[in-house]
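J.: Sequence:
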Amino acid sequence: MQQSSESPAETDSPPGAAIDWDALGRIRELEEYFSADAEGFRAAISAEMAAIMALPTEQLDKLALLRVLEVTNGCLQWGFRRGDAEALSADRTRDCMRTVIGFINERCITLPDGSRITFSPAVIRMIGEGQALYREAFKRNDAEARRRYFAASTAQFLVYGKPRMEVAIERVATAFEPLFDRFWLERGQRWIRPYLAAQTAGDSAS
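Position 70 of the sequence shown, counting from 1, maps to 720 under this note's numbering, and the rest follow consecutively.
A couple of the hints might just be wrong.
[To be verified] Just the calculated beta-carbon pair ranges, DEER-fashion:
no.	residue 1	residue 2	range
1	L761	E681	35 to 45 Å
2	A686	A825	15 to 25 Å
3	I767	R840	23 to 33 Å
4	C758	T824	17 to 27 Å
5	A700	A782	18 to 28 Å
6	R732	N791	16 to 26 Å
7	T749	G690	18 to 28 Å
Hint data in this document are derived by calculation from the structure and do not stem from the laboratory.
Source: prediction; values computed, not measured.
Just so it is clear, CB atoms sit at the ideal spot from N, CA and C, and this is done for glycine as well.
With the hints as extra help, turn the sequences into a complete structure.
T.: See the structure below:
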């Protein structure tokens, strides 16, 4: 795998944070992109980061929560398709998918207590663009769209930052354990943590 010649602390990191690009390059789903064109993929991530960093802090907090929900549901769905021993029943798996996809389609997260988390118009547009990119990448199997998707996904984790993501992880675990089960909450957390570990210092963007 092609390695960056630069140190972990880089100028295009979120304020207060330093990104270990080599660590990102060792994440399984990113390896092929860093190996093929580390400089180009890093530039794609940095461009996505710039757009996300322009958002207000409260919107980043909400987006971090949505991202944890998306990842948890994704891990759970793949577990069901693989036939994992820990997979939920077909009915419960569908409930999880409908709940999270509903949040994305409605551009609003409804918590179990009935409270609603809404997004700004700019973030609503961003969520819609993310949906379209996901469809291109995974429903239509477009390789370039998949590369762009993983660049955008990585940028989200880096800009949200470890402290904000940890708060979102805990909030999802507290509110949605009856939906997902502890096993799949923890599986989602394990998928996220390598991205957080690649931030070698500091906090999220503000």
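J.: Hints first: check each against the structure and report whether it holds.
T.: Here's how the hints hold up against the structure:
1. L761 - E681: 35 to 45 Å: holds, 36 Å
2. A686 - A825: 15 to 25 Å: Violated, since A686 and A825 (Cβ atoms, about 39 Å apart) do not stay within the stated range.
3. I767 - R840: 23 to 33 Å: For R840 against I767, whose Cβ atoms are near 25 Å apart, the range 23 to 33 Å holds.
4. C758 - T824: 17 to 27 Å: holds, 19 Å
5. A700 - A782: 18 to 28 Å: holds, 20 Å
6. R732 - N791: 16 to 26 Å: holds, 19 Å
7. T749 - G690: 18 to 28 Å: violated, 37 Å
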